[in-house]
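Please model the entire structure based on the sequences and the hints provided.
There are 2 protein chains.
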Amino acid sequence: MSLFAPPLNRLIEALRLLPGVGPKSAQRMAFHLLEKDRQGALVLAGALRDALEILHHCQDCRMYCEGDRCPICRSSHRDEGLLCVVETPADVVAIENAGFYRGKYFVLMGHLSPLDGVGPEELGLDRFSERLRRGVREVILATNPTVEGEATAHYLAAQAAQIGVHASRIAHGVPMGGELTYVDSGTLSHAFSGRHRVAQTDPGSHPADESF
Amino acid sequence: MSLFAPPLNRLIEALRLLPGVGPKSAQRMAFHLLEKDRQGALVLAGALRDALEILHHCQDCRMYCEGDRCPICRSSHRDEGLLCVVETPADVVAIENAGFYRGKYFVLMGHLSPLDGVGPEELGLDRFSERLRRGVREVILATNPTVEGEATAHYLAAQAAQIGVHASRIAHGVPMGGELTYVDSGTLSHAFSGRHRVAQTDPGSHPADESF
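Which chain is which? The protein sequence lines are V and D, in order. Residue 208 in the UniProt record's numbering sits at position 208 of the first sequence; the count goes up by one each step and never skips. Residue 31 in the UniProt record's numbering sits at position 31 of the second sequence; the count goes up by one each step and never skips.
Possibly wrong hints are sitting among the right ones.
[Claimed, not checked] Which chain D residues face chain V? A few, computed with CB under 7 Å, are given here: (1) PRO19; (2) MET29; (3) GLU35; (4) GLU66; (5) ASP91; (6) ILE95; (7) MET109.
[Stated by the list, open to error] In silico lysine-lysine, BS3-like type, Cα no more than 25 Å apart, as pairs: (8) D/LYS36 x V/LYS24; (9) D/LYS24 x V/LYS104; (10) V/LYS36 x D/LYS36.
I should point out that these hints are in silico values taken from the structure, not numbers from a laboratory. Predicted, not measured: the structure shown is a model, and the values here were computed from it. Ideal placement from N, C-alpha and C gives every residue a C-beta, glycine not left out.
As structure tokens, then:
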């Protein structure tokens, strides 16, 4: 790699800091920017500095925002009593894009992972319990169905129970449009253990209200 | 996407300017930099600006370098009479890493592609013919074996012939360690048409010197 001039080597090394970018991709990116998109390189450099300077965590939900609080937390049209806990800002986007949820969020920016040094403090859980005390009826635990996500959900449920807030976990099972043949055994086992009785006679009862 | 604060949106859009980075990867990169590697983001921003400011094309070979001429062109230990033409700086690195070539280079920074507006001027071919006139014995055309690379090689060979410089094309065939079963038909056809007579008796003759 010493064939390249030092600034080029430094650029390639810096691009490798991006997740999922190996040495060949970094080289390709560097040459692309230098040769075909010099304006883009300037835009990227500016966007990086701006983002670092301007963006802060929302005081309420820890989402990235420009001021003290993010637009969702500032909104008076959303249910203050419902709090959905997710791992990343991208999860908020996924849920918002689905368009059914009208409550507020709390973004952990990760999950509990003691081996990586991520404990309750790193996830801002002091702010989470403070948030729960401000009139939250139900906390919906929407962390990922991974080992760490489940552990985090358990920890948060215990915290909510201490404060006396009802905690629920989103359902895990066969995805809509999915075929049983291609679903993994863990998901199938979750789908069976989380099965609901099908309402047969009373049109007033909601099938999801009763579980075996 | 309007859920994110504008500086975050701008960063995600800027990261999408990198080749091979789609919306999801760009989001992941942005969150990674903001959450886990803020120092890395600063390093990347600085490296981008430095590279744009400091790097220039080498006057002789068009490789990226800091001064007027790159270390390979400045070197007096390399054969001035051999000129290898490649499409990208990464090709120079590949050939240098192989370690057998002791001549000089000319980097096209692309290939002829009239539809994309890349003609002889964009590839610096005026500088190429000027370079050929400075005591080059043989020009080795090492452009990629693609339609554009072949067309570029033909064009360069004609240019070299005009100046009276011998031009050669690197061999194309079955790669070393490759298996015939898995080689595509175009490569196989090249390997057959470019076959060489095997020297049988005279130990002095090199098999590659004789072709059918």
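Closest C-beta approach of D/MET29 to chain V relative to 7 Å, hint status: holds (5 Å)
Should the hint that D/ILE95 touches chain V count as held when the rule is a Cβ pair under 7 Å? violated (10 Å)
Should the hint that D/PRO19 touches chain V count as held when the rule is a Cβ pair under 7 Å? holds (5 Å)
Does D/GLU66 pass the interface hint, meaning its C-beta sits closer than 7 Å to a C-beta of chain V? holds (5 Å)
Hold the hint about D/MET109 up to the distance rule: shortest CB distance to chain V must be less than 7 Å. holds (6 Å)
Checking one constraint from the list: CA of D/LYS24 to CA of V/LYS104, max 25 Å. Satisfied? holds (23 Å)
Proposed interface contact between D/ASP91 and chain V, which counts if any beta carbon pair is under 7 Å: This interface hint is violated because 11 Å lies over the 7 Å limit.
Holds or violated: D/LYS36 with V/LYS24, Cα cutoff 25 Å? With a Cα-Cα distance of about 23 Å, the restraint between D/LYS36 and V/LYS24 holds, given a limit of 25 Å.
May I ask you to test the interface hint for D/GLU35 with respect to chain V, counting a Cβ-Cβ separation under 7 Å as satisfied? holds (6 Å)
Given hint D/LYS36 paired with V/LYS36 - CA-CA distance at most 25 Å: violated (30 Å)
Hint check: violations occur at hints 5, 6, 10; the rest are consistent with the structure.
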